[in-house]
Amino acid sequence: MAERMDVDRAHVSSMERGQQNVTLLTLWLVSQAVGVKPAALLDEDFAATAAEGIAESDPSS
Numbered sequence: 001m002a003e004r005m006d007v008d009r010a011h012v013s014s015m016e017r018g019q020q021n022v023t024l025l026t027l028w029l030v031s032q033a034v035g036v037k038p039a040a041l042l043d044e045d046f047a048a049t050a051a052e053g054i055a056e057s058d059p060s061s
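Numbering (UniProt numbering) for the sequence shown: 1 to 61.
A few of these clues could be false.
Just the calculated beta-carbon pair ranges, DEER-fashion [to be verified]:
| id | residue 1 | residue 2 | range |
| --- | --- | --- | --- |
| 1 | H11 | G35 | 27 to 33 Å |
| 2 | E3 | D45 | 28 to 34 Å |
| 3 | Q32 | A10 | 15 to 21 Å |
| 4 | L41 | Q19 | 14 to 20 Å |
| 5 | A2 | D45 | 28 to 34 Å |
| 6 | D43 | Q20 | 18 to 24 Å |
For the record, the hints were derived by calculation from the structure and aren't laboratory data.
Yeah, the Cβ is synthetic: ideal placement off N, Cα and C, and Gly gets one too.
Construct the entire structure; sequences and hints are all you get.
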């Protein structure tokens, strides 16, 4: 996984153990490594809630 993501193995290991938060960039890298869209890695309820929160905080909307 780390090789596919082009990151250090320790980085992946710390995420797997819950010692490091996953950033949007990391989510994207994981999705690319496994060949799915980033949203596929998120719980549907969480994804909907996150999208609503982003829309509410977007000053351009």
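Status of the hints after comparison with the structure:
For the pair H11 and G35, the beta carbons lie near 20 Å from each other, so the given range of 27 to 33 Å is not met. Separated by about 32 Å at the C-beta atoms, E3 and D45 satisfy the suggested range of 28 to 34 Å. The hint said 15 to 21 Å for the Cβ distance between Q32 and A10, and at roughly 20 Å that hint holds. Take L41 and Q19: their Cβ atoms lie about 19 Å apart, and the range 14 to 20 Å holds.
Look at A2 against D45: about 29 Å separates their beta carbons, and that is inside 28 to 34 Å. Checked against the given bound of 18 to 24 Å, the beta carbons of D43 and Q20, roughly 19 Å apart, stay inside it.
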